[in-house]
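Peer 1: In numbering that gives the first Met the number 0, the protein residues as written are 0 to 474.
Among the clues, some could well be false.
Unchecked claim - Each computed DMTMM-like pair below joins lysine to aspartate or glutamate, with the alpha-carbon atoms no more than 20 Å apart:
id	residue 1	residue 2
1	Lys250	Asp34
2	Lys464	Asp131
3	Lys229	Glu472
4	Lys217	Glu249
5	Lys168	Glu472
6	Lys229	Glu249
7	Lys464	Glu371
8	Lys319	Glu371
9	Lys168	Glu371
In short, the hints are calculated from the structure, not lab data.
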Amino acid sequence: MMIKMRQVNLPQLLPFLANPRHPMEQYDQIGARLDRLPLARFHYRIFGIISFSLLLTGFLSYSGNVVLAKLVSNGWSNNFLNAAFTSALMFGYFIGSLTGGFIGDYFGRRRAFRINLLIVGIAATGAAFVPDMYWLIFFRFLMGTGMGALIMVGYASFTEFIPATVRGKWSARLSFVGNWSPMLSAAIGVVVIAFFSWRIMFLLGGIGILLAWFLSGKYFIESPRWLAGKGQIAGAESQLREVEQQIEREKSIRLPPLTLNQSNSKVKVIKGTFWLLFKGEMLRRTLVAITVLIAMNISLYTITVWIPTIFVNSGIDVDKSILMTAVIMIGAPVGIFIAALIIDHFPRRLFGSALLIIIAVLGYIYSIQTTEWAILIYGLVMIFFLYMYVCFASAVYIPELWPTHLRLRGSGFVNAVGRIVAVFTPYGVAALLTHYGSITVFMVLGVMLVLCALVLSIFGIETRKVSLEEISEVN
(Lines of atoms letter the chains of each structure in order from A and count residues from 1; the text may use other names and numbers.)
(Lines give C-alpha, C1' and ligand atoms only; values in the text may rest on other atoms or scores of the structure.)
Protein backbone atom coordinates (compact mmCIF):
# COMPACT_ATOMS: atom_id res chain seq x y z
CA MET A 1 0.00 0.00 0.00
CA MET A 2 1.40 3.38 -1.04
CA ILE A 3 1.61 5.98 1.73
CA LYS A 4 1.37 9.68 0.93
CA MET A 5 2.61 12.36 3.30
CA ARG A 6 1.28 15.87 3.36
CA GLN A 7 1.44 18.86 5.68
CA VAL A 8 -1.77 20.37 6.97
CA ASN A 9 -1.80 23.67 8.82
CA LEU A 10 -4.12 23.92 11.80
CA PRO A 11 -6.34 26.70 10.32
CA GLN A 12 -6.88 24.49 7.28
CA LEU A 13 -7.71 21.57 9.54
CA LEU A 14 -10.58 23.20 11.44
CA PRO A 15 -13.19 23.22 8.65
CA PHE A 16 -12.30 19.61 7.93
CA LEU A 17 -12.89 18.71 11.55
CA ALA A 18 -16.31 20.33 11.48
CA ASN A 19 -17.43 18.33 8.44
CA PRO A 20 -19.83 15.62 9.68
CA ARG A 21 -19.44 13.57 6.52
CA HIS A 22 -16.00 12.31 7.58
CA PRO A 23 -16.30 10.98 11.18
CA MET A 24 -13.34 8.60 11.12
CA GLU A 25 -11.00 11.09 9.44
CA GLN A 26 -11.98 13.67 12.08
CA TYR A 27 -11.46 11.09 14.80
CA ASP A 28 -8.03 10.14 13.41
CA GLN A 29 -6.88 13.75 13.41
CA ILE A 30 -8.10 14.40 16.96
CA GLY A 31 -5.92 11.47 18.04
CA ALA A 32 -2.96 12.67 15.98
CA ARG A 33 -3.19 16.12 17.55
CA LEU A 34 -3.28 14.62 21.05
CA ASP A 35 -0.26 12.43 20.26
CA ARG A 36 1.85 15.37 19.03
CA LEU A 37 1.38 17.41 22.23
CA PRO A 38 4.46 17.84 24.45
CA LEU A 39 3.93 16.77 28.05
CA ALA A 40 2.66 19.73 30.05
CA ARG A 41 0.63 20.74 33.12
CA PHE A 42 -2.50 19.39 31.45
CA HIS A 43 -1.03 15.87 31.38
CA TYR A 44 0.43 16.17 34.87
CA ARG A 45 -2.95 17.20 36.31
CA ILE A 46 -4.67 14.20 34.72
CA PHE A 47 -1.86 11.98 36.00
CA GLY A 48 -2.09 13.49 39.48
CA ILE A 49 -5.86 13.09 39.80
CA ILE A 50 -5.93 9.49 38.54
CA SER A 51 -2.84 8.37 40.50
CA PHE A 52 -4.15 10.01 43.70
CA SER A 53 -7.49 8.23 43.21
CA LEU A 54 -5.79 4.87 42.59
CA LEU A 55 -3.60 5.34 45.68
CA LEU A 56 -6.66 6.01 47.85
CA THR A 57 -8.56 3.13 46.26
CA GLY A 58 -5.73 0.78 47.18
CA PHE A 59 -5.55 2.32 50.65
CA LEU A 60 -9.22 1.54 51.27
CA SER A 61 -8.86 -1.95 49.83
CA TYR A 62 -5.86 -2.93 51.96
CA SER A 63 -7.19 -1.12 55.04
CA GLY A 64 -9.83 -3.81 55.28
CA ASN A 65 -7.16 -6.39 56.12
CA VAL A 66 -5.89 -4.23 58.99
CA VAL A 67 -9.39 -3.39 60.23
CA LEU A 68 -10.60 -7.01 60.31
CA ALA A 69 -8.04 -8.02 62.92
CA LYS A 70 -9.29 -5.24 65.21
CA LEU A 71 -12.94 -6.12 64.63
CA VAL A 72 -12.36 -9.74 65.65
CA SER A 73 -10.50 -8.72 68.80
CA ASN A 74 -13.26 -6.36 69.97
CA GLY A 75 -16.03 -8.88 69.30
CA TRP A 76 -17.58 -7.06 66.33
CA SER A 77 -16.78 -9.84 63.88
CA ASN A 78 -15.93 -13.53 63.53
CA ASN A 79 -14.46 -15.75 60.83
CA PHE A 80 -17.81 -16.08 59.02
CA LEU A 81 -18.42 -12.33 58.96
CA ASN A 82 -14.81 -11.72 57.95
CA ALA A 83 -15.32 -14.00 54.95
CA ALA A 84 -18.53 -12.15 54.05
CA PHE A 85 -16.68 -8.81 54.35
CA THR A 86 -13.95 -10.01 51.98
CA SER A 87 -16.39 -11.62 49.53
CA ALA A 88 -18.49 -8.44 49.45
CA LEU A 89 -15.45 -6.49 48.27
CA MET A 90 -14.57 -9.02 45.56
CA PHE A 91 -18.17 -9.23 44.34
CA GLY A 92 -18.28 -5.45 44.25
CA TYR A 93 -15.08 -5.40 42.19
CA PHE A 94 -16.68 -7.80 39.72
CA ILE A 95 -19.87 -5.75 39.37
CA GLY A 96 -17.93 -2.49 39.15
CA SER A 97 -15.60 -3.75 36.43
CA LEU A 98 -18.59 -4.63 34.24
CA THR A 99 -20.85 -1.65 34.91
CA GLY A 100 -18.02 0.89 34.83
CA GLY A 101 -17.16 -0.13 31.29
CA PHE A 102 -20.69 0.46 30.03
CA ILE A 103 -21.00 3.81 31.81
CA GLY A 104 -17.64 4.98 30.49
CA ASP A 105 -18.28 3.97 26.87
CA TYR A 106 -21.85 5.28 26.73
CA PHE A 107 -21.71 8.39 28.93
CA GLY A 108 -18.06 9.42 28.83
CA ARG A 109 -14.78 8.90 30.67
CA ARG A 110 -15.16 11.97 32.87
CA ARG A 111 -18.67 11.13 34.01
CA ALA A 112 -17.79 7.49 34.73
CA PHE A 113 -14.69 8.49 36.69
CA ARG A 114 -16.54 11.08 38.80
CA ILE A 115 -19.61 8.90 39.44
CA ASN A 116 -17.44 6.11 40.83
CA LEU A 117 -15.33 8.50 42.88
CA LEU A 118 -18.56 9.68 44.48
CA ILE A 119 -19.74 6.11 45.13
CA VAL A 120 -16.46 5.17 46.82
CA GLY A 121 -16.25 8.42 48.78
CA ILE A 122 -19.80 8.17 50.14
CA ALA A 123 -19.51 4.43 50.88
CA ALA A 124 -16.17 4.79 52.69
CA THR A 125 -17.43 7.74 54.73
CA GLY A 126 -20.62 5.84 55.55
CA ALA A 127 -18.55 2.82 56.67
CA ALA A 128 -16.95 5.00 59.35
CA PHE A 129 -20.34 5.45 61.08
CA VAL A 130 -21.95 1.99 60.80
CA PRO A 131 -23.72 0.55 63.86
CA ASP A 132 -22.82 -3.10 63.23
CA MET A 133 -20.87 -5.52 61.03
CA TYR A 134 -23.76 -6.15 58.64
CA TRP A 135 -23.91 -2.49 57.63
CA LEU A 136 -20.12 -2.49 57.26
CA ILE A 137 -20.35 -5.44 54.86
CA PHE A 138 -23.00 -3.57 52.85
CA PHE A 139 -20.83 -0.46 52.55
CA ARG A 140 -17.84 -2.66 51.72
CA PHE A 141 -19.78 -4.00 48.74
CA LEU A 142 -20.56 -0.44 47.59
CA MET A 143 -16.90 0.47 48.00
CA GLY A 144 -15.89 -2.55 45.94
CA THR A 145 -18.36 -1.66 43.18
CA GLY A 146 -16.99 1.87 42.91
CA MET A 147 -13.36 0.79 43.22
CA GLY A 148 -13.67 -1.98 40.64
CA ALA A 149 -14.97 0.55 38.13
CA LEU A 150 -12.61 3.33 39.20
CA ILE A 151 -9.42 1.30 38.73
CA MET A 152 -10.45 0.17 35.25
CA VAL A 153 -11.79 3.57 34.15
CA GLY A 154 -8.70 5.34 35.48
CA TYR A 155 -6.15 3.24 33.61
CA ALA A 156 -8.19 3.04 30.40
CA SER A 157 -8.98 6.77 30.31
CA PHE A 158 -5.36 7.72 30.95
CA THR A 159 -4.23 6.04 27.73
CA GLU A 160 -6.43 8.43 25.71
CA PHE A 161 -4.68 11.56 26.99
CA ILE A 162 -1.00 10.56 26.84
CA PRO A 163 1.07 10.70 23.60
CA ALA A 164 1.78 7.29 22.08
CA THR A 165 5.56 7.70 22.31
CA VAL A 166 5.50 7.82 26.13
CA ARG A 167 2.18 6.10 26.86
CA GLY A 168 3.71 2.93 28.29
CA LYS A 169 6.13 4.76 30.56
CA TRP A 170 3.50 7.07 32.03
CA SER A 171 0.91 4.32 32.44
CA ALA A 172 3.53 2.35 34.36
CA ARG A 173 4.19 5.39 36.55
CA LEU A 174 0.48 5.48 37.31
CA SER A 175 0.76 1.89 38.52
CA PHE A 176 3.87 2.77 40.54
CA VAL A 177 2.01 5.41 42.55
CA GLY A 178 -1.04 3.21 43.07
CA ASN A 179 0.99 0.29 44.36
CA TRP A 180 2.34 2.20 47.35
CA SER A 181 -1.09 1.77 48.94
CA PRO A 182 -0.35 -1.50 50.84
CA MET A 183 2.57 0.11 52.68
CA LEU A 184 0.61 3.33 53.19
CA SER A 185 -2.38 1.54 54.72
CA ALA A 186 -0.15 -0.60 56.93
CA ALA A 187 1.84 2.39 58.21
CA ILE A 188 -1.21 4.57 58.89
CA GLY A 189 -3.16 1.63 60.30
CA VAL A 190 -0.54 0.92 62.96
CA VAL A 191 -0.96 4.44 64.38
CA VAL A 192 -4.65 5.09 63.73
CA ILE A 193 -6.04 1.77 64.98
CA ALA A 194 -3.75 1.66 68.02
CA PHE A 195 -4.39 5.21 69.24
CA PHE A 196 -7.72 6.24 67.70
CA SER A 197 -10.29 3.97 66.01
CA TRP A 198 -10.60 1.64 63.04
CA ARG A 199 -13.36 3.95 61.80
CA ILE A 200 -10.79 6.65 61.07
CA MET A 201 -9.23 4.43 58.37
CA PHE A 202 -12.43 4.52 56.33
CA LEU A 203 -13.05 8.18 57.12
CA LEU A 204 -9.58 9.18 55.89
CA GLY A 205 -10.04 7.22 52.68
CA GLY A 206 -13.54 8.60 52.12
CA ILE A 207 -12.50 12.23 52.63
CA GLY A 208 -9.50 11.74 50.34
CA ILE A 209 -11.67 10.25 47.59
CA LEU A 210 -14.19 13.09 47.89
CA LEU A 211 -11.29 15.54 47.54
CA ALA A 212 -10.28 13.72 44.34
CA TRP A 213 -13.90 14.01 43.16
CA PHE A 214 -13.80 17.78 43.71
CA LEU A 215 -10.47 18.16 41.88
CA SER A 216 -11.66 15.99 38.99
CA GLY A 217 -14.53 18.42 38.47
CA LYS A 218 -12.00 21.20 37.84
CA TYR A 219 -9.21 19.43 35.95
CA PHE A 220 -10.45 16.12 34.47
CA ILE A 221 -11.81 17.01 31.03
CA GLU A 222 -13.77 14.66 28.81
CA SER A 223 -11.59 12.64 26.45
CA PRO A 224 -11.54 14.35 23.02
CA ARG A 225 -11.07 10.89 21.51
CA TRP A 226 -14.31 9.70 23.11
CA LEU A 227 -16.17 12.84 22.01
CA ALA A 228 -14.94 12.45 18.43
CA GLY A 229 -15.79 8.76 18.41
CA LYS A 230 -19.33 9.66 19.45
CA GLY A 231 -19.59 12.15 16.59
CA GLN A 232 -19.40 15.16 18.93
CA ILE A 233 -16.76 16.83 16.78
CA ALA A 234 -17.46 20.38 17.95
CA GLY A 235 -17.05 19.34 21.58
CA ALA A 236 -13.84 17.43 20.85
CA GLU A 237 -12.43 20.37 18.88
CA SER A 238 -13.32 22.84 21.63
CA GLN A 239 -11.71 20.73 24.38
CA LEU A 240 -8.60 20.00 22.36
CA ARG A 241 -8.08 23.53 21.08
CA GLU A 242 -8.25 24.85 24.65
CA VAL A 243 -5.59 22.33 25.71
CA GLU A 244 -3.39 23.26 22.73
CA GLN A 245 -3.64 26.96 23.58
CA GLN A 246 -2.80 26.29 27.23
CA ILE A 247 0.31 24.34 26.23
CA GLU A 248 1.41 26.99 23.73
CA ARG A 249 1.14 29.68 26.43
CA GLU A 250 2.80 27.52 29.09
CA LYS A 251 5.79 26.57 26.97
CA SER A 252 5.93 29.74 24.83
CA ILE A 253 5.87 27.68 21.65
CA ARG A 254 3.83 27.34 18.50
CA LEU A 255 2.72 23.76 17.92
CA PRO A 256 4.04 22.46 14.59
CA PRO A 257 1.71 21.68 11.67
CA LEU A 258 0.11 18.27 11.86
CA THR A 259 1.64 15.54 9.69
CA LEU A 260 -0.96 13.10 8.42
CA ASN A 261 -0.36 9.62 7.06
CA GLN A 262 -3.26 8.83 4.75
CA SER A 263 -3.59 5.48 3.07
CA ASN A 264 -5.35 5.02 -0.27
CA SER A 265 -8.09 3.00 1.41
CA LYS A 266 -10.73 4.31 3.75
CA VAL A 267 -10.73 3.21 7.35
CA LYS A 268 -13.91 1.41 8.30
CA VAL A 269 -15.99 3.16 10.93
CA ILE A 270 -17.06 0.68 13.59
CA LYS A 271 -19.90 1.53 15.90
CA GLY A 272 -21.20 -1.47 17.73
CA THR A 273 -22.37 -3.15 20.86
CA PHE A 274 -20.67 -5.05 23.64
CA TRP A 275 -21.03 -8.25 21.60
CA LEU A 276 -18.42 -7.03 19.09
CA LEU A 277 -15.87 -8.15 21.69
CA PHE A 278 -16.69 -11.74 20.69
CA LYS A 279 -16.53 -11.43 16.91
CA GLY A 280 -13.67 -11.68 14.42
CA GLU A 281 -10.51 -9.76 15.23
CA MET A 282 -11.98 -8.42 18.47
CA LEU A 283 -12.50 -11.97 19.75
CA ARG A 284 -8.78 -12.56 19.32
CA ARG A 285 -7.99 -9.45 21.37
CA THR A 286 -10.52 -10.40 24.02
CA LEU A 287 -9.05 -13.89 24.43
CA VAL A 288 -5.49 -12.55 24.55
CA ALA A 289 -6.50 -9.98 27.18
CA ILE A 290 -8.21 -12.66 29.28
CA THR A 291 -5.07 -14.82 29.01
CA VAL A 292 -2.85 -11.91 30.08
CA LEU A 293 -5.01 -11.25 33.14
CA ILE A 294 -5.37 -14.93 34.04
CA ALA A 295 -1.58 -15.13 34.10
CA MET A 296 -1.45 -12.02 36.28
CA ASN A 297 -4.06 -13.20 38.76
CA ILE A 298 -2.92 -16.78 39.21
CA SER A 299 0.69 -15.71 39.71
CA LEU A 300 -0.18 -12.73 41.91
CA TYR A 301 -2.54 -14.61 44.20
CA THR A 302 -0.45 -17.79 44.28
CA ILE A 303 2.82 -16.07 45.10
CA THR A 304 1.91 -13.08 47.27
CA VAL A 305 -1.02 -14.52 49.23
CA TRP A 306 0.52 -17.91 49.96
CA ILE A 307 4.16 -16.96 50.64
CA PRO A 308 3.71 -16.72 54.46
CA THR A 309 1.79 -20.02 54.57
CA ILE A 310 4.44 -21.77 52.48
CA PHE A 311 7.11 -20.43 54.83
CA VAL A 312 5.30 -21.85 57.86
CA ASN A 313 4.73 -25.20 56.13
CA SER A 314 8.48 -25.28 55.43
CA GLY A 315 9.21 -25.08 59.15
CA ILE A 316 9.90 -21.34 59.48
CA ASP A 317 8.19 -19.82 62.55
CA VAL A 318 5.34 -17.36 62.07
CA ASP A 319 7.13 -14.20 63.23
CA LYS A 320 10.10 -14.85 60.99
CA SER A 321 7.84 -15.71 58.04
CA ILE A 322 6.08 -12.34 58.38
CA LEU A 323 9.42 -10.52 58.47
CA MET A 324 10.74 -12.44 55.45
CA THR A 325 7.53 -11.72 53.53
CA ALA A 326 7.93 -8.00 54.25
CA VAL A 327 11.51 -8.06 52.95
CA ILE A 328 10.54 -9.98 49.81
CA MET A 329 7.69 -7.54 49.05
CA ILE A 330 10.22 -4.69 48.73
CA GLY A 331 10.68 -6.05 45.21
CA ALA A 332 7.14 -4.90 44.27
CA PRO A 333 7.61 -1.10 44.04
CA VAL A 334 11.14 -1.55 42.69
CA GLY A 335 9.84 -3.80 39.90
CA ILE A 336 7.15 -1.31 38.89
CA PHE A 337 9.66 1.56 38.99
CA ILE A 338 12.04 -0.28 36.66
CA ALA A 339 9.15 -1.29 34.39
CA ALA A 340 8.27 2.39 33.96
CA LEU A 341 11.83 3.09 32.81
CA ILE A 342 12.15 0.32 30.23
CA ILE A 343 8.67 -0.70 29.07
CA ASP A 344 8.65 1.56 25.99
CA HIS A 345 12.01 0.18 24.82
CA PHE A 346 10.75 -3.35 24.10
CA PRO A 347 7.87 -4.72 22.00
CA ARG A 348 4.88 -5.34 24.24
CA ARG A 349 4.42 -9.00 23.25
CA LEU A 350 8.09 -9.78 23.83
CA PHE A 351 8.14 -7.89 27.13
CA GLY A 352 5.09 -9.63 28.59
CA SER A 353 5.98 -13.12 27.33
CA ALA A 354 9.56 -12.89 28.58
CA LEU A 355 8.40 -11.80 32.03
CA LEU A 356 6.01 -14.75 32.29
CA ILE A 357 8.73 -17.25 31.40
CA ILE A 358 11.14 -15.63 33.88
CA ILE A 359 8.50 -15.81 36.65
CA ALA A 360 7.79 -19.46 35.81
CA VAL A 361 11.47 -20.41 36.06
CA LEU A 362 12.09 -18.36 39.21
CA GLY A 363 9.00 -19.84 40.84
CA TYR A 364 10.32 -23.37 40.50
CA ILE A 365 13.84 -22.40 41.62
CA TYR A 366 12.34 -20.57 44.60
CA SER A 367 10.24 -23.58 45.60
CA ILE A 368 13.22 -25.94 45.90
CA GLN A 369 15.34 -23.67 48.11
CA THR A 370 15.95 -24.87 51.67
CA THR A 371 18.11 -22.15 53.23
CA GLU A 372 16.55 -18.93 54.48
CA TRP A 373 18.98 -16.63 52.66
CA ALA A 374 18.28 -18.38 49.34
CA ILE A 375 14.53 -18.17 49.92
CA LEU A 376 14.88 -14.43 50.59
CA ILE A 377 17.03 -13.70 47.54
CA TYR A 378 15.04 -15.75 45.02
CA GLY A 379 11.76 -14.56 46.52
CA LEU A 380 12.81 -10.93 46.24
CA VAL A 381 13.85 -11.35 42.60
CA MET A 382 10.65 -13.25 41.79
CA ILE A 383 8.46 -10.50 43.28
CA PHE A 384 10.49 -7.91 41.34
CA PHE A 385 9.66 -9.56 38.00
CA LEU A 386 6.09 -10.41 39.06
CA TYR A 387 5.22 -6.77 39.69
CA MET A 388 6.86 -5.73 36.45
CA TYR A 389 4.35 -8.05 34.79
CA VAL A 390 1.44 -6.75 36.91
CA CYS A 391 2.33 -3.24 35.76
CA PHE A 392 2.57 -4.37 32.12
CA ALA A 393 -0.75 -6.24 32.20
CA SER A 394 -3.08 -4.03 34.22
CA ALA A 395 -1.76 -0.52 33.58
CA VAL A 396 -0.27 -0.66 30.08
CA TYR A 397 -1.25 -3.48 27.72
CA ILE A 398 -4.91 -4.19 28.56
CA PRO A 399 -6.11 -0.55 28.24
CA GLU A 400 -4.32 -0.23 24.87
CA LEU A 401 -5.96 -3.18 23.14
CA TRP A 402 -9.40 -1.77 22.37
CA PRO A 403 -11.00 0.64 19.90
CA THR A 404 -12.11 3.81 21.67
CA HIS A 405 -15.83 2.98 21.48
CA LEU A 406 -15.16 -0.38 23.21
CA ARG A 407 -12.18 0.51 25.41
CA LEU A 408 -13.90 0.59 28.77
CA ARG A 409 -16.31 -2.26 28.07
CA GLY A 410 -13.43 -4.41 26.81
CA SER A 411 -11.23 -3.57 29.78
CA GLY A 412 -14.15 -3.99 32.16
CA PHE A 413 -15.17 -7.40 30.85
CA VAL A 414 -11.70 -8.96 30.89
CA ASN A 415 -11.03 -7.48 34.34
CA ALA A 416 -14.29 -9.02 35.55
CA VAL A 417 -13.14 -12.41 34.24
CA GLY A 418 -9.86 -11.84 36.04
CA ARG A 419 -11.76 -11.22 39.27
CA ILE A 420 -13.53 -14.56 38.91
CA VAL A 421 -10.18 -16.31 38.47
CA ALA A 422 -8.92 -14.52 41.59
CA VAL A 423 -11.84 -15.93 43.59
CA PHE A 424 -11.14 -19.57 42.67
CA THR A 425 -7.32 -19.53 42.56
CA PRO A 426 -6.85 -19.83 46.37
CA TYR A 427 -8.90 -23.04 46.45
CA GLY A 428 -6.73 -24.63 43.76
CA VAL A 429 -3.55 -23.57 45.51
CA ALA A 430 -4.83 -24.88 48.84
CA ALA A 431 -5.65 -28.30 47.34
CA LEU A 432 -2.24 -28.62 45.65
CA LEU A 433 -0.40 -27.41 48.74
CA THR A 434 -2.26 -29.82 51.02
CA HIS A 435 -1.90 -32.95 48.88
CA TYR A 436 1.33 -32.42 46.94
CA GLY A 437 3.40 -29.64 48.56
CA SER A 438 4.75 -26.24 47.54
CA ILE A 439 7.02 -27.53 44.75
CA THR A 440 4.01 -28.91 42.88
CA VAL A 441 2.20 -25.58 43.34
CA PHE A 442 4.99 -23.72 41.58
CA MET A 443 5.42 -26.40 38.90
CA VAL A 444 1.73 -26.16 37.96
CA LEU A 445 1.96 -22.37 38.07
CA GLY A 446 5.02 -22.45 35.82
CA VAL A 447 3.33 -24.62 33.19
CA MET A 448 0.30 -22.32 33.12
CA LEU A 449 2.46 -19.20 32.81
CA VAL A 450 4.46 -20.68 29.92
CA LEU A 451 1.22 -21.52 28.09
CA CYS A 452 -0.03 -17.97 28.66
CA ALA A 453 3.29 -16.61 27.38
CA LEU A 454 2.90 -18.63 24.17
CA VAL A 455 -0.62 -17.29 23.63
CA LEU A 456 0.56 -13.71 24.13
CA SER A 457 3.60 -14.06 21.88
CA ILE A 458 1.70 -15.77 19.04
CA PHE A 459 -1.71 -14.07 19.10
CA GLY A 460 -1.08 -10.75 20.86
CA ILE A 461 -1.06 -7.49 18.89
CA GLU A 462 1.77 -4.98 19.10
CA THR A 463 0.82 -1.65 20.70
CA ARG A 464 4.15 -0.07 21.68
CA LYS A 465 4.31 3.57 20.49
CA VAL A 466 1.37 2.92 18.16
CA SER A 467 -1.42 5.51 18.10
CA LEU A 468 -4.72 4.43 19.60
CA GLU A 469 -6.35 5.15 16.24
CA GLU A 470 -4.08 2.63 14.48
CA ILE A 471 -4.75 0.08 17.22
CA SER A 472 -8.48 0.72 16.74
CA GLU A 473 -8.38 -0.41 13.10
CA VAL A 474 -10.04 -3.81 13.22
CA ASN A 475 -10.25 -5.92 10.09
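Peer 1: Compare the structure with each hint and give your call.
Peer 2: Here is how each hint holds up against the structure:
For the suggested pair Lys250 and Asp34, the alpha carbons sit about 17 Å apart, so the restraint of at most 20 Å is met. With a C-alpha separation of about 51 Å, the suggested pairing of Lys464 with Asp131 is violated against the 20 Å cut-off. At roughly 16 Å between alpha-carbon atoms, Lys229 and Glu472 fall within 20 Å of each other, so this suggested pair holds. With a C-alpha separation of about 18 Å, the suggested pairing of Lys217 with Glu249 holds against the 20 Å cut-off.
Under the criterion of a C-alpha separation no larger than 20 Å, the hint pairing Lys168 with Glu472 is inconsistent with the structure, at around 23 Å. Note on Lys229 and Glu249: the hinted pairing is violated, with a Cα-Cα distance of about 30 Å set against a maximum of 20 Å. Taking the CA atoms of Lys464 and Glu371, the gap is about 43 Å. The hint is violated against a cut of 20 Å. Restraint check: the Cα-Cα separation between Lys319 and Glu371 comes to about 10 Å, which is no more than 20 Å; the hinted pair holds.
With a C-alpha separation of about 35 Å, the suggested pairing of Lys168 with Glu371 is violated against the 20 Å cut-off.
Taken one by one, the earlier hints fail for this structure at numbers 2, 5, 6, 7, 9, listed in ascending order.
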